[in-house]
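Colleague: Read off the chains here:
Protein chains: 2
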Amino acid sequence: MAEFKTDIEIARAANKKPIAEIGASLGIPADALLPYGHDKAKVSGDFIKSVRDREDGKLVLVTAINPTPAGEGKTTTTVGLGDGLNRIGKKTAICIREASLGPCFGVKGGAAGGGYAQVVPMEDMNLHFTGDFHAITAAHNLLAAMIDNHIYWGNELEIDIRRVVWRRVVDMNDRALREIVLSLGGAANGFPREGGFDITVASEVMAILCLSTDINDLEERLGRIIVAYRRDKSPVYCRDLNAQGAMTVLLKDAIEPNLVQTLENNPAFVHGGPFANIAHGCNSIMATTTALKLADYVVTEAGFGADLGAEKFFDIKCRKAGLKPDVAVIVATVRALKMNGGVAREDLGTENVEAVAKGCANLGRHIENVRQFGVPSVVAINHFHSDTDAELEAIMDYARSMGSEAIVCRHWADGSAGIEDLAHRVVELAEAGASQFAPLYGDDVALFEKIETIAKRIYRAEEVIADKAIRDQLRAWEAAGYGDLPICMAKTQYSFTTDPLVRGAPTGHTVPIREVRISAGAGFIVVITGAIMTMPGLPRAPSAEVIRFNDEGLIEGLF
Amino acid sequence: MAEFKTDIEIARAANKKPIAEIGASLGIPADALLPYGHDKAKVSGDFIKSVRDREDGKLVLVTAINPTPAGEGKTTTTVGLGDGLNRIGKKTAICIREASLGPCFGVKGGAAGGGYAQVVPMEDMNLHFTGDFHAITAAHNLLAAMIDNHIYWGNELEIDIRRVVWRRVVDMNDRALREIVLSLGGAANGFPREGGFDITVASEVMAILCLSTDINDLEERLGRIIVAYRRDKSPVYCRDLNAQGAMTVLLKDAIEPNLVQTLENNPAFVHGGPFANIAHGCNSIMATTTALKLADYVVTEAGFGADLGAEKFFDIKCRKAGLKPDVAVIVATVRALKMNGGVAREDLGTENVEAVAKGCANLGRHIENVRQFGVPSVVAINHFHSDTDAELEAIMDYARSMGSEAIVCRHWADGSAGIEDLAHRVVELAEAGASQFAPLYGDDVALFEKIETIAKRIYRAEEVIADKAIRDQLRAWEAAGYGDLPICMAKTQYSFTTDPLVRGAPTGHTVPIREVRISAGAGFIVVITGAIMTMPGLPRAPSAEVIRFNDEGLIEGLF
Numbered sequence: 006m007a008e009f010k011t012d013i014e015i016a017r018a019a020n021k022k023p024i025a026e027i028g029a030s031l032g033i034p035a036d037a038l039l040p041y042g043h044d045k046a047k048v049s050g051d052f053i054k055s056v057r058d059r060e061d062g063k064l065v066l067v068t069a070i071n072p073t074p075a076g077e078g079k080t081t082t083t084v085g086l087g088d089g090l091n092r093i094g095k096k097t098a099i100c101i102r103e104a105s106l107g108p109c110f111g112v113k114g115g116a117a118g119g120g121y122a123q124v125v126p127m128e129d130m131n132l133h134f135t136g137d138f139h140a141i142t143a144a145h146n147l148l149a150a151m152i153d154n155h156i157y158w159g160n161e162l163e164i165d166i167r168r169v170v171w172r173r174v175v176d177m178n179d180r181a182l183r184e185i186v187l188s189l190g191g192a193a194n195g196f197p198r199e200g201g202f203d204i205t206v207a208s209e210v211m212a213i214l215c216l217s218t219d220i221n222d223l224e225e226r227l228g229r230i231i232v233a234y235r236r237d238k239s240p241v242y243c244r245d246l247n248a249q250g251a252m253t254v255l256l257k258d259a260i261e262p263n264l265v266q267t268l269e270n271n272p273a274f275v276h277g278g279p280f281a282n283i284a285h286g287c288n289s290i291m292a293t294t295t296a297l298k299l300a301d302y303v304v305t306e307a308g309f310g311a312d313l314g315a316e317k318f319f320d321i322k323c324r325k326a327g328l329k330p331d332v333a334v335i336v337a338t339v340r341a342l343k344m345n346g347g348v349a350r351e352d353l354g355t356e357n358v359e360a361v362a363k364g365c366a367n368l369g370r371h372i373e374n375v376r377q378f379g380v381p382s383v384v385a386i387n388h389f390h391s392d393t394d395a396e397l398e399a400i401m402d403y404a405r406s407m408g409s410e411a412i413v414c415r416h417w418a419d420g421s422a423g424i425e426d427l428a429h430r431v432v433e434l435a436e437a438g439a440s441q442f443a444p445l446y447g448d449d450v451a452l453f454e455k456i457e458t459i460a461k462r463i464y465r466a467e468e469v470i471a472d473k474a475i476r477d478q479l480r481a482w483e484a485a486g487y488g489d490l491p492i493c494m495a496k497t498q499y500s501f502t503t504d505p506l507v508r509g510a511p512t513g514h515t516v517p518i519r520e521v522r523i524s525a526g527a528g529f530i531v532v533i534t535g536a537i538m539t540m541p542g543l544p545r546a547p548s549a550e551v552i553r554f555n556d557e558g559l560i561e562g563l564f
Numbered sequence: 006m007a008e009f010k011t012d013i014e015i016a017r018a019a020n021k022k023p024i025a026e027i028g029a030s031l032g033i034p035a036d037a038l039l040p041y042g043h044d045k046a047k048v049s050g051d052f053i054k055s056v057r058d059r060e061d062g063k064l065v066l067v068t069a070i071n072p073t074p075a076g077e078g079k080t081t082t083t084v085g086l087g088d089g090l091n092r093i094g095k096k097t098a099i100c101i102r103e104a105s106l107g108p109c110f111g112v113k114g115g116a117a118g119g120g121y122a123q124v125v126p127m128e129d130m131n132l133h134f135t136g137d138f139h140a141i142t143a144a145h146n147l148l149a150a151m152i153d154n155h156i157y158w159g160n161e162l163e164i165d166i167r168r169v170v171w172r173r174v175v176d177m178n179d180r181a182l183r184e185i186v187l188s189l190g191g192a193a194n195g196f197p198r199e200g201g202f203d204i205t206v207a208s209e210v211m212a213i214l215c216l217s218t219d220i221n222d223l224e225e226r227l228g229r230i231i232v233a234y235r236r237d238k239s240p241v242y243c244r245d246l247n248a249q250g251a252m253t254v255l256l257k258d259a260i261e262p263n264l265v266q267t268l269e270n271n272p273a274f275v276h277g278g279p280f281a282n283i284a285h286g287c288n289s290i291m292a293t294t295t296a297l298k299l300a301d302y303v304v305t306e307a308g309f310g311a312d313l314g315a316e317k318f319f320d321i322k323c324r325k326a327g328l329k330p331d332v333a334v335i336v337a338t339v340r341a342l343k344m345n346g347g348v349a350r351e352d353l354g355t356e357n358v359e360a361v362a363k364g365c366a367n368l369g370r371h372i373e374n375v376r377q378f379g380v381p382s383v384v385a386i387n388h389f390h391s392d393t394d395a396e397l398e399a400i401m402d403y404a405r406s407m408g409s410e411a412i413v414c415r416h417w418a419d420g421s422a423g424i425e426d427l428a429h430r431v432v433e434l435a436e437a438g439a440s441q442f443a444p445l446y447g448d449d450v451a452l453f454e455k456i457e458t459i460a461k462r463i464y465r466a467e468e469v470i471a472d473k474a475i476r477d478q479l480r481a482w483e484a485a486g487y488g489d490l491p492i493c494m495a496k497t498q499y500s501f502t503t504d505p506l507v508r509g510a511p512t513g514h515t516v517p518i519r520e521v522r523i524s525a526g527a528g529f530i531v532v533i534t535g536a537i538m539t540m541p542g543l544p545r546a547p548s549a550e551v552i553r554f555n556d557e558g559l560i561e562g563l564f
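Residue numbers (the numbering used here), protein chains in the order written: chain A, 6 to 564; chain B, 6 to 564.
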């Protein structure tokens, strides 16, 4: 290998094409692109409508084994596979999520992909990008202000101020805002009550934006948000406050998908970024469905491992959007499988074929799970320079034993040239037309049974336990007409169980439900099985302390 | 007059040119423009540096009599005069402030100018525009999060949590956030303390952005912000938390001036928008100084009436930026002068020459005041259809009696054709080179004496009264090296006195100082003389309730 370059050095050296050229490669006329600088653009809603009747391209989901601190490189593989498919002559677009601003100031991070499989402009994507998250923040907080304003002016809707469930949001890691008392200061400022802030990606507005099929659907969904309850427990909706129109106006640009490019100048839609625990963790339906109209292949990803991310992609996003995924790619790394096999992080550099083989049980479980949705899959081994041939062989052998196939991918080091094999296999699977996609459960199954179905069939749990209050709540929602909603599980991403330390492929465990919430606008029931943090804090030495422009005018410390 | 059209109808019918053409008219190359859509762009910092050594054009300030509910049309006249100067062959750019998002959802409002003297795209300018205010909000709140995070992790700087003066901001009218208790919820969330939110335009970051000469100056000023005090009352600065670098990175695009156009396709810089009470109320120095390098004439405006807006423009912005204004235009209307003459709002439609003549005392005071700064002025009568000839004559007579001139301007109805006379007069005054601009007081005058100078010479007060604590504070700042800062008066805009109901040209009153604050980063001492609201509330029936997209896809209710 030649001189080692960091992600940001590679990104800065990118030979970007004007965004209009990228759009043209997908047949998007220049006047249907709203430019944000020379390398970012939004695709106009009118153009999106105009291609609605075209046939869809093939849809490829990139998912992964349970994440470990060793990293598995799901986004990197999504980007790499997109470039690889383009390389072998398939017109391909990728669809990924936008980054949240807040966490960038906590620990060094950011980046969309890595090595020679990245999306650019990296710096803008990790800062304000096209302003979508700011618009979502504003729309969310407008509704919050209107709720307290309604209470202040007489509370005609009889909102119980102890039961306002609509918090505020900020796109910042700010633990001091997790729990506050607001409306203090006397009669001029309202009625004191408890409240708090979540980070913007946890906003139901984010989930709604990502699940809306167009701007009318967006407005209707916003109207359906439950913001509070009365003393008699009856819900108060966003539409009762007439806030959905103004919120939609605030989101008029945010709902249009963003187009950028990979390092190899292939089109990338980067749009939306809901939490993958209390929300469904996928980029917007608008981006995915638009890309499918414009490209032969669309490669997209889902949050966390396949037990959470792929399940929600299939059961929530695909169900709502009517998407039929053709192939799933399950990303694994030697290092992450080693950790699943019990190796400590500091020992990852040492060859350990046995641990890899042991850790493969985690991979196997995900292969089986994806199969349950009727979607053919292939394993992508995201190659690290420390991997040994014997370790790689162990994974490939295991995949074969599962009736699958694992392919070594070197896109991080070599870009599209390193991932041609995977690209060919994906095309083979897609063009065979073998996918028989169906969600895991039907709309009409009882809510608790839906939870049990996910817990038993995907997590391989023995049972789901829940207090009477929770079961009553689920039945109450069924009675109120919400019985057809899918489930959005909020569970640790590190394990099939609710204990983050249990790696591998456990069985026979119990899934205790701590709480259930309804996202009536987004259209799912959130089932919380552990401590869910919707507002992160900053670490002792936040990266914000070292982020700055250096003397060459380059941003330091952000990556 | 033909069929009456609303501002928004006129704005929507605008025949906009591509923003690159507008830039080209000022000699800005296309690659120095960062487009935001097809009708908005930011001017690159590198280009701005490259024109730094050019000669400046002429600088025209548009200010006004004390505002009344009748409206005086300062922005409309700024836009109209810009178009008028272009019409008579002077290459002219206008510089105005950006609109705040929050108030748009309270009462119908927005718009930049009115009638046939507007800046477009109106809708974007009243929504997210190019995201500057969102970036300011994020930078401000990052610093806030870093303060509480520092306290959480051990408080090495020994911040007194009772004396954190850096609040949070949101670009929303949200009275419930005025006073809060934060960091509740136990040990994981920090140390409970009192805090609150202001609206973004009240952020010192906004004032700093508008007073910075370049990105390095911005970073230094951010570092100088005082965020809290220790128990021994010594200040803790933003730079003690190392936040200024990351804040600057967040503001990298926001500091670049925005270019848009008037209805007549003339260039308009719209950049920054600090409060005109606790801050100086002018668009950014970067926009004004850049425009001066590119145009023969630059027309800009200042907030409120000349007693506040022009005084701060001269004593803060011009002092800091080394600007030498050539001409001031004082906007008045028959209706507003009638109100100053004692007429109630409901009687404004009836001719009342006597009231107009009486109200002219307010105008006269502003003419005298502008003269004190050595700047020649002319009065623009912004014509309303209900004005009678006799009323207009009364103003013109009065102006002559003051050694000035008042010119009737019909730009609202007729665009640039209606304001040619004023344009010619402005050119005459500017080219005569009569301006002998000097700020009202020197840097080295004692702080209390600076306040007295403004109160006595501009407001014509008899005396300034202040508690010992306030005088001690001013002396303490002098001892700490802040004695050379200018004063930023926060006073009601409706009167020369501190009583909003006293119209006309009062004398002999007292100016009581309620509080003094330091904006060490922006570089001024804020002197508060009444109740200052830094977080507005929404009205009983906020316009947000009726804002929506109608069936034609047009935004309703925002204007």
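The reader is advised that the hints may include incorrect statements.
Identical copies carry no separate label here, and so any pair may be met within one copy or between two of them.
As the list claims (entries may be wrong) - Pairs of lysine-lysine, BS3-like flavour, derived with a Cα cap of 25 Å:
1) K96 x K21
2) K238 x K54
3) K54 x K96
4) K54 x K329
5) K21 x K473
6) K21 x K10
7) K21 x K257
8) K298 x K96
9) K298 x K325
10) K473 x K298
11) K113 x K257
12) K238 x K21
13) K461 x K96
14) K54 x K298
15) K363 x K257
16) K95 x K238
17) K257 x K461
18) K257 x K325
19) K95 x K257
20) K113 x K10
21) K257 x K298
22) K238 x K10
23) K329 x K363
In case anyone wonders, no lab produced these hints; they're calculated from the structure.
None of the values given here were measured: they were computed from a predicted structure.
Colleague: If you test the structure against every hint from before, which numbers come out violated?
Modeller: Violated: hints 2, 5, 10, 12, 13, 15, 16, 17, 19, 22 and 23.
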